[in-house]
Structures are given as structure tokens and as C-alpha cells.
Amino acid sequence: MECVVQGIIETQHVEALEILLQGLCGVNKERLRVHELCLKSSPNLGFVSSDVRLVCDLEQPEPTWYMHILICCYYFSSIVHHKFQRDVICNPCRTVRHIGGAMRGAGAEQISVLVRTMVESKASKNALRLFYALGYKLDHELLRVGSAFHFHRGAQITVTVSSVNKMPKLHAIDEAVPVTPGIQLVEVTAPATADNYAEIVAAVSSFCEYLAPLLHLSKPGISTGVVPTAAAAAASLLSDGGGTAL
Amino acid sequence: MPSSVLTPNQVERCRSKLAVFTYSSVHSSIHLASAFLGTSATMILPGGLLSAVTATNPIMVLHWHPNAGATVNTQIMNEISQCIESLNGVKEGRWKSVLTFYKPITREQSMAAEFPRDFLGLSIPEQSNKYYFIIRAQRIVLEADSTIQTIMEKLQSYKSRVALNFEGTQYRVGDFQVRVAKVAPSYSETMRGIIMETDEVLASGAEHELQLGRALSERVPIRKFDKFHLLIKPALLPSFHGAMSSSTAADDQPSIPLPRATTTHPPPVTSAHGNPRAPIRTP
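Line order of the protein sequences matches chains A and B. To get the numbering used here, take the position in the first sequence, counting from 1, and add 265. To get the numbering used here, take the position in the second sequence, counting from 1, and add 4.
Stretches of chain A that chain B covers, calculated by requiring three or more beta carbons in the stretch to come under 8 Å of a beta carbon on chain B:
no.: 1; region: 304-310
no.: 2; region: 374-387
To give a feel for the contact side, a few chain B residues facing chain A, derived at Cβ under 8 Å:
no.: 3; residue: Pro108
no.: 4; residue: Thr110
no.: 5; residue: Glu118
no.: 6; residue: Phe119
no.: 7; residue: Pro120
no.: 8; residue: Ile139
no.: 9; residue: Gln142
no.: 10; residue: Asp149
no.: 11; residue: Thr154
no.: 12; residue: Ile155
no.: 13; residue: Gln160
no.: 14; residue: Tyr162
Hints in this document: simulated from the structure, not taken from any laboratory. Remember, it's a predicted structure, so these values are computed and weren't measured experimentally. Glycine included, each C-beta is placed from N, C-alpha and C at the ideal position.
Only chain B is shown next, with the shape it has when bound in the complex (with noise of 0.2 Å):
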């Protein structure tokens, strides 16, 4: 799996260039107050598998690429919970969950490709009595009490191949949710990534979702960066469509105009919207 660290220079970039959106319900509108982040850590989750399961609001998902030699370890983690913290966020609680890869049981090994290779299982603490079952490429995700899991035990069809635990903590910023936790495979303690994900927590519910979701896709386009990919997948927006593909374009310059600022957080550096690749001064 790819691993990364942080500089010093960059971790002091992503303290103060850590996207966040911030949501006006009095004025239903969408500030960007900052749209870039360092270019160094591990993701290695795929992104969208845990927003299309657990979040009923939009979400954001940030895939980070790593630089080549690097390792990951508790004290990126760390900064990264400081540059949370410093942003306001305020602890909730411990999070976990279990992301598990199956895999097909044949009688030979030819026969495996028949079947899909992109199963798997996951467990969220938010629903702590269900269990999802996803088949990537073909888009589905099943919702089920806990006990499919004994069912496909007994049905001897399919086996775990890996089992990742992601242990964490998960923050309130502003009217976002945002978890960090470390990735470790189920057989080790070694951590072998870190994962970063926010939530938009609206408290109107239905209609505050529908005007974001409007606002998202009328005015926030698919942003392609340097060396990640900014990743909108609204669980509930059938009106948007928020995948992205790989690419290597390095075009920041913002295509719309931005809404009238009405947030707390610290002002974007304008050289966030230049070429990612520029030495960017910090504040």
C-alpha cells in the first residue's frame, strides 16, 4: 500500500489551507473558503465506499497521493488532529469501523474471475446493527442486519481475504463532521494509512439537503488538482453526479464565481487557486 509523511512546510500548508464548506442556511448559499491541501498522505480507502454507505448528507472525501519512500505514521496523525482542532473542531468521540475484502471460493483458481473481485463488507459504530455489502463496479450496496455475515459464513461462497480497521476520532467543525482515523489490517497493529473524512451535518433535514444539493451542482464543478482529487458524493442529490477520474490536469483557476463569504473559518490564500506546484507561503 502507498505510503506517505508530511513535511514540516506541508503540514504547515495544510493547517491553513484545509478545505472546508461551509453552509448558510439563512442565505442557502456555499462559501469555498479554501480549495487546496497538501499533496501528502496516505488514502488508502476508496473514497466514495464509505460516503455512499454512511452519510445522508453530502460528503466530501479527499484522496490524497503520496510521495514516493514515504511511511505513514502516528505523528501525521497527529498533526492532523491538530489542524482539526485548529480550525475549531471540537471532539465528539472515538470512531471505528471494519472494512472487509472478500473474495470467491472455487474449486480452482480460474473460476475466480467468473465472480466479482471488488466485494466487500463493512461495519459502521453508526449502525452498529447492520452490515453493508458493496459490489463496487457494479454499484450496489446492501443494507442488512448484522446477521448476513453469519449467512455468508454458512453459505461457504465467499471468504475474507483482508479485513482493515480504521480507529479514530471523529470532530464537529462548524456544520461538518470530520473523522480521522488510522487504517491497520485486521492481523496487525502497524498502522498502514490514514483516512480523512467529513460530513456535512445539516439540521433542517430534507430541504436544506435539496437547496445544497442544487447550490452543488449549479455552482461547484468537479475540481481536478495536481496530486488528488477532490471528491463530491452526495448519497441523497440524484441531480449530481460527484465521480471523478484519474487525471494529472493541474488546472486550480476557479471557474465560478464564489458566493458572499459568510464564514468564520480563516481566509483563503489566494496562491491556493495558482499553480499547485508553486512554493505557496503560509500566513
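Chain A with its partners taken away, still in its complex shape (with noise of 0.2 Å):
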């Protein structure tokens, strides 16, 4: 199971964001550069029809040869550089995620934070071909980059900015654009069990909180747009780099 909000922000913002999140987690911000495949299974198979993610996380290649050809090229040509990293980035670890179905009744509906079931497994790199022959689609892909917080703060928490992007050819990551240029989204997530969701919901809600002044987080799907506050918000923290307790 996990717990999840999501909100969005400009990207103007994001930097102020970054800024607020590195005080208030402690931590130092990661790249984040995943590519989500969604899978779907074909008409005939199942009796109704199954979801499941496939995703690359193109920050944490595999490690393989190919990284100390690279070491050792990289300084003799780029041209070889850029051959061998594009083998390398091909080579990422992959994660097979499945998200099920939302908590629901009136104890799910009365809490802010959506808590779901969630099942992931680290996979070899040919989890694709496997799901495609079992029967399975490629419904769609996005590409996420951005940045992303894991801390622990009365729960194992992760916070991730990113922009979501789309790629016009099959693939082709390169060439992702933004789905929605000059926003981004902001995902909150804590994986939780049957026994100590409560814990999780409270912890991360307390944690929102403090997001409040640069965006809204509530359940995805649940769209409350852009707070207006986070211009001013955002100018604070910049102008002092988050000393400044908003």
C-alpha cells in the first residue's frame, strides 16, 4: 500500500520549492529521470482488462563494461562518448509497478490523502518483451524529469518535482516534450500497510502543511489548480533562501 498526494506548481516556482524542501527534509535534492511505460493488456486476455507500469529509472544504469569504456573514452573522443552513453542509458534498471485499487468508504473519504494499493518488483531489462508477449500493450509512455527528497519524518517519505513529458515517436526520449509546459507536478508518497496507514495519512497531511503557501496537495485526481500565495512565497524564500520560516 502507499499513501499519495499530488499538487502542481509553475516552474518558476519550482526553485523556491527545492529551496523550502531541502530545509524542511534535511536532505539533498536527487536527479529524477524516469521513463514510465504503461501497459495494457489485450481485449481477449483476463476477464476484465489489467494495468501494469514499467519503470526505467534512466538515473541508475545497470552497471555493465560499457561504463568503463566510457570512463576511458570520454576522454579520447566524444564522439565515442556519446556512443557509449547512449549504451549505457539504455541499460537502466527497471521497476515493475502495479497500483491498485484506492481505499474506499467513509473512513477513505473523510482523509485528504489517497491511500491505495501498491506493488512493485525490480525486474531484468527485458520485463518489456516478457509483457508483450504475455499479451500486453503499450497503452503510453512519459518521460518524468526533475528532482526528488527521500526523508523520514514520522514516515518514509518521498517528494518529487518533475515535469511530465510526452514523446512523439515510440521511445524517444530525446525528443519528449512537456505535456504541460510551465507546470509541474509535485507528488508526495509514503508506502504504508494495512496496520499503520492512519500513522502514514497523519504524517503525511502534517507534512503538506507546511507546502501550503507554494501549493495545494490533495488526492490525484482531485485538480485544485495553482495556490495564489506561491508567487509571494516563492519570492520569500528566494530572497533569503529559505531562512524564513513561511
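Using the hints, put the two standalone chains together into the complex.
What follows is the structure in C-alpha cells.
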């Protein structure tokens, strides 16, 4: 299971948000560059349609001998550097992710955080080939580029700030363009279990309050737009580097 | 599933002629100590399956074709274990694996033909936190965390048709690891077969694997025997293709000279290289 909230922020305010997050979390941001392939079962497979996601972390390629050649060749030829860089990028780690249904009922409606089932599994790089062979088709693919913060504050929380990009051609990562130019997606997630989800929800909700001047976070699918105080809050953060509490 | 029983004579032949490859890291050569195995035992598992996912070194899988009307029982497995121990095999411990055959979930039976019929799942004790998905016809082997099974259950697109449990013992025989296990469906304790798998254990890593690979590809041809197939399926030897097709060819005459012997195992019986149908005198 996981607890999730999302929100949007204008790209011009992302720097301020990252300063705030760095101050709140006490950790440095990590680069985020994730290629996400959303697969859907073919019509005749299963009684109901099923979706599965293949997530390729492009910032963490598998260590291969290509890497060593990359380092050596870098000093000799920029052409060779680019060639092997592409090979390295083509061998990133894969994660198979299944996102299930959200928690329902009166209790679920009362909380501002979405609680849903989510199962992940690291997999070898032929995962896409396997799912194609099993009868899954590519529904759509996205490239998320931005930053991520991983920290513990009542729960193990991950905050990602990223632009969501689409690809004009199949797997053309280098040609990806933003789905919504000028707007970035902020997502706060935390793993949970059936026994502790209430505590996790409380921790996430509490943390989100600190971000309120810059953006509003809510359940995925419930859009609230940008907050009117974002510009002023961002200016304040940028002027004193986040030293002043909002 | 096919089944068979070994007669005492066949057990004796098995004991004296168990195929053993020894690898000498000093001489970088391969000596084939003996190359004939009794014709009766049961092999249920498609032989290269476990090898493809468990072997980081070249492995040998022996297929046995059973005598008609025979049954397999624990006594046969005990006799096979005794064979191994008579070759100075040392018990290393218990070994267990589970192989699951999946089938697609479709609204109508006719739709199932669109999807792979040979979709398998495998868990092995060496990688207890991993799970392997296999589509044999397309030679796909996916290694994933064990949570991939949960994902597959939640997708509700494939379900388990039958699961086979392999339980037995692992031995160390010289440079080789040998596993002998009974095969039984998950819903029953009834033994349906026996699997025997050998795996080369090399201490020196990649260099010797490559030497072994070159030696294999240059010196040891794919052999086809009358009643069984000798299959070598190395996992990391791109220059060697060990798959064999089913055949009843009876030519057992080796076409290559064997390198000099550096083995402590019993010498081969010369009749092993003759007509396998001919009676074989045990030593």
C-alpha cells in the first residue's frame, strides 16, 4: 500500500520549492529522470482489463563494462563518449509496478490522502519483452524529469517535483516535450500497510501543511490548480534562501 | 507423465557409467570419464529450464526416457543417491524448488490460443528473494523480485495451472554440484518423477569459464544416444549452442580424441562407446 497526494506548481516557482524542501527534509535533492511505460492487457486477456507499469530509472543505469569504456573513451573522443553513453542509458534498472484500487468507504472520504494498493518488483531489462509476449500492449509512455527528496518525518516520505513529458515517437526519450509547459507535478508518497496507514496518512498530511503557501496537495484526480500565494512565498524563499519560516 | 523403474542390472550400469565431466584448471582441458547412462528413469522437467536460470557456469542436464509401464518410487531415488555417493559425492544439504505452469485467463477457451502456453514461473533456493518467469518458446527468462508473483496475481491475466515441487538433496562430486530431487505436484505427495542435475562449480571465475567454453565448443560435440539426450546448455557461453533435437540416432562413437586423463573417477568402460543396445558387462 502507499499514501499519495499530488499538486501542481508553476515551473518558475520550482527553485523556491526545492529550497523549502531541502530545508524541511534536511537532505539534498536527487536527480529524477524516469521513463514510465504504461501497459494494458489485450482485450481477450483476463475477465477485466489490467494495467501494469514499467518504470525505468534513467539515472541509475546497470553497471556494465560499457561504463568503464565510457570513462576511458571520454578522454579520447567525444564521439565515442556519446555512443557508449547511449548504450549505458539503454541499460537502466527496471521496476514493475502495479497500482491497485484506492481505499473506499466513509473513512477514506474523510481523509485528504489517497491510500491505495501498490506492489513493486525490480526486474531484469527484458521485462517489457516478457509482458509483450504475455499479451500486454503499450498504452502510453511518459518521461518524468526533475528532482526527488527522500527523508523520514513520521514516515518514510518521498517528494518528487517533475515535468511530465510525452514522446512524439516510440521510446524517443531525447525528443520528449512537456505535456503541460510551464507546469510541474509535485507528488508526495509514503509506503504504508493495512496496520499503519492511519499514522502514515497523518504524517503526510502534517508535512503537506508546510508546503501550503507554495502549492496545494490533494488526492490524485482532484485538481485544485496553483495557489495564489505561490508567487509571494517563492519570492520570500528565494530572497533569503529559505531561512525565513513561511 | 511418463514413469519407469530401474532394474538391478540397469542400476549397476548406472553406477559404473555415470557421466562425469572433470575440469582441470591446471591443464585447461576436459576429460570425459564416461559417457553412458542407464536408459530408464524419469525426467519430467524440461531439462534446460532450471539450467537457464540457475547456472552461472556450464551445466549438464540428463534426459531419461522411461520404459513403458514402469513406475517411479523412492527406492529408485535412493539408488540414484547411492550412485552419487559411490562416486565420492558429499552431501551438501537439502534442495527445493517450485515450478509453476501458468495459463491465460480468458473469457472464452478459444481465446487462450493467442497467448503463450509455455509460461512458467520458477523459484530456486539459491535466490530466495527472486522469482523467475520463463516463456520457453521465445527464450525469455525474466529475473525479478519475489513480489512479481503478487503483481501477477493482482493482474488476473494468468493463473497457476499446476505447480511442481522439487525436493531432494544437493551433492558435491569433485568439481561438480549434483542435485537429485523427487518431483511431485503441489496438490499431492505422490512422486511423479526424479530429476538429476549437474552443475560445474569453478572456483576461478570468468577466465576458466571461457576456457571451459572454448574447450566445450571445440572438443565436445553434441552427442545423441539411443534412449536419451546429453544436453549441455551453458548460461554464459555465447559461442556454444547446446540444444539438441529429439532423435533416435544410435551413433555413440566419439568423433573427437579425448584429452589426457586427469581424473580420480573410475575409468570408462570401453563398451560404453559401442552399440548402446548391446549388453554391457559391469566391472
